[in-house]
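Take these sequences, add in the hints, and give me the full structure.
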Amino acid sequence: MLPNQLTAETFSAYPPEAKRLVVAQLPLLRRLPLAFVPLLLRELIVYDWKFPAERRDLDRQFTWLHSLSPEQTAKAVAPFSRLTLSESLEKTDWVNQPAIFTEQLTAHLWKTHQIDAFRAGAVEYVAAYSGTSPEGSLPAPRLGIAVIGQSVRANDYRLFRKLRPHGVYYSKVQHENGLNILVDTLKKRAEAAPLPYGHWYIDGGKFAATPDGVTHVSYAALSPVRVALQGFMQKIYEASVFDPEAFRTRMAQTRPEEIGLDTAHDAVLSRFQLSLLTEGSGTQVFSTTFVQWAAREALRRAQPITLLAHFTPRQRENTMDELLSEARRPPELDPQGSLIDADMGAYYTWLNQQRLSGADDAGFLVWFEDQPEAVAIGPRFARGKHSDAPVELRELLAQFV
Amino acid sequence: MMSDVVKHFGHLRHGSPREVAEAISFNRRNFLRAVTGAGAASAIFGASPLRGFVAPRRKKVVVVTFGGGARDDETFMPDGQENIPHLLEELIPQATFFTQVVNRGILGHYVATASIVTGAYETFNNFASVPPDNPTVFEYFRRDLNRPATDCWVVAPSNGFARIGESGHKSFGPGLGAGVLLPKRLLSAAIPAGGDDERYRHLLNDNYETPLFAPTLTGKQIELGQMVDLLKLSATDFATHARSLASADELSVYVAKHLMTQLSPSLLWVTLHDIDVAHSGTFSLYIDGIRRCDRLCGELWQAIQQNPEYADQTTMFILPDFGRDSDIESGGNGFQHHRTGDAVSRTTWMMVLGPGIRQNVVVDRPIESIDLVPTIGSILGFDARDSRGKPVAEVV
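So the sequences go chain by chain: A and B. Throughout the first sequence, residue numbering follows my numbering, covering 612 to 1012 in sequence. Throughout the second sequence, residue numbering follows my numbering, covering 7 to 402 in sequence.
If you are wondering where the hints come from, they were derived from the structure by calculation, not from laboratory data. Backbone N, C-alpha and C fix where the C-beta goes; we use that ideal spot for every residue, glycine too. Treat the hints with care, since some could be wrong.
[To be verified] Restraint-style ranges between C-beta atoms, simulated for each label pair:
1) B:D85 / A:S762: 23 to 29 angstroms
2) A:T695 / B:A349: 20 to 26 angstroms
3) B:Q312 / A:P776: 51 to 57 angstroms
4) B:N152 / A:E869: 58 to 64 angstroms
[What the hints assert, rightly or not] Computed footprint of chain A on chain B, listed as stretches where at least three residues anywhere in the stretch have a Cβ under 8 angstroms from a Cβ of chain A:
5) 152-163
6) 273-286
7) 375-383
Here it is, written out as structure tokens:
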């Protein structure tokens, strides 16, 4: 099937909100190339479970596309029109399984040496529509907080090496009751600027608290879900013939209820959590990876104005069989390695926050848990400075407000 | 690698991270020159190399690839130098160092290594148990120089590399390739039934790109009994020694050293793999892998110098098969993967050491990883006729 053959009936299997949106956009979709439409449908087919920020982004994209003349539209998607696709790709059920099409397209682009052209085209396209439509103002400057190094007593790794050049390194932070202070800051920001999915708390362990108005995701709380998924993965692994592509596809098709995720309470969040575990690599078995990836995805998709990422010790490296055996025996932990993982994870969290609107006003704090070391980044903090003066954690936080 | 095209759309907003990167980054070439303290490639037109003093014995080549790319950030850039003391302080002063080795092919470890081994960009499914389409370096070597099967070997980390030794090319193929030793498979066979295999488990992780992938073995890999005969190493001694090792790469180098001692192959290809644990998102384990690779490269070079069959007649090539995604590339997740195809993931380095190789020299011009095989051909005297690469003039 080609895009110009699309009809409203083609989308009969789509969820209600997705169907309504796609049908409204049919005249536009019919004019777009095959290398592009399934990528858009991949986003649209899950529209019912998209965060508000993602919906706004899709709306902006359609507004921009509708503002173009037919010639301008053709120019905007020309890099995709120029890609040579295979017959088998055309025969894929890309309407109902756009994710599978995307996987096959990726393989095809690598194999035919077109991935670089695709990549350049995608960057150009996103820059074009992002640059022409305003994103609106934020109710408060963004604030990201990373807490790293739980359970580490002595450390000789040079922490915050990538973040120090961008802010002030504090060596004498007074931090009594530190984690609760940070959660309290999150709570107050959520109260002051209530936004759906606008404030996040991601924890590698158990939550220190669960304030209202804050979206919570926890590696520990998802333990039964992860165990169910691990069992699911193990069964596929033990099959007589193992096909990694089919495995990825099956993971992508997993429904939340199959692994015990509650969809009645918050279907959007359940789908998000499912994606962390089925699309992330290492998120099923390493808490540090889970927190970093969850923070990345929360920032990319929900674009919160507050995010607290609490890294906790992950299990020690082991064979995949052992890593998947969490339900049978408590894993041995690796606090020192986890500190190094989390140090990099904090840097990536900051980078991902800086990709969002309001980056110039945004603040970021990374704190070595229960230790006097922290780095603060933001408009009120000089870059590349070092402070040995005693400072209260609360005082640092106050400077972000 | 799959499904990543959409990520190029997902996360491109403001220029800040890129500006940050530009602000903190070094000019790659200038930096590598500074850190190695090496002279420019123009030195090749200066003083004569040692080639004329080398005794006319049979030349040998050892290639070490890092299957699981390492980025400049964690190796030659300031924060990374602590991870590679052996490369920096022991090997680079003796090497010609290429700062820009570009891989324009598919960035999956088996298919990329196959591309390096054939000197042509292979396009098969990275996870398929298939031979390369183009003739391998081993087939050129054996046919053109009429060498026996025992004169070239591959020591590979993953069972997925079982078919790397010989191609499916109609003019070469079965019987003309290299023997493939898969130390992890050999260890699995050597562990006594009902034995205490807990002690070996850390050596047996196979594939980090898709950790649950257990490839079907259909190649010409050497089995335990053959290894015992070839290497004169009993299964018990092998298993016992393995217990003292920290990782699969240590096991590979242990086997490679045994090969050198017992068979003295003229062409030995070792692919290291520990670094690829980065796919699990654990930065500390990735760093551990780099440090181990660094140490093992130093050990292998020492073993070459201490072995009379190899000393002063062996050229050693060390190169990662490709890089990993940059921190700044919005479609990726930094060090974790090599999926975006950005410049950082495609660009890496290579060092060459041995007789006739100019020491302490940096070459800035870009070369491609497929240039390696024709370069080895020029050194050993075979014609890599189906390779798309070119001999690297600075080392032939």
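Comparing the hints with the structure gives:
Our hint of 23 to 29 angstroms for B:D85 and A:S762 holds, since their Cβ atoms are close to 25 angstroms apart. Checked against the hint of 20 to 26 angstroms, the pair A:T695 and B:A349 passes, with Cβ atoms roughly 24 angstroms apart. Remark: the range hint 51 to 57 angstroms for B:Q312 to A:P776 is contradicted by a beta-carbon distance near 44 angstroms. Look at B:N152 against A:E869: about 60 angstroms separates their beta carbons, and that is inside 58 to 64 angstroms.
Note: the stretch 152-163 of chain B has 0 residues with beta-carbon separation from chain A under 8 angstroms; the three-residue rule is not met and the coverage is violated. Under a criterion of three residues with beta carbons nearer than 8 angstroms to beta carbons of chain A, the stated coverage of the stretch 273-286 of chain B is upheld, 3 such residues being counted. Judged by the Cβ-Cβ criterion of 8 angstroms, the stretch 375-383 of chain B is not covered by chain A as claimed, because only 0 of its residues qualify and three are needed.
Going down the numbered hints, you'll see the structure goes against 3, 5, 7, while the others check out.
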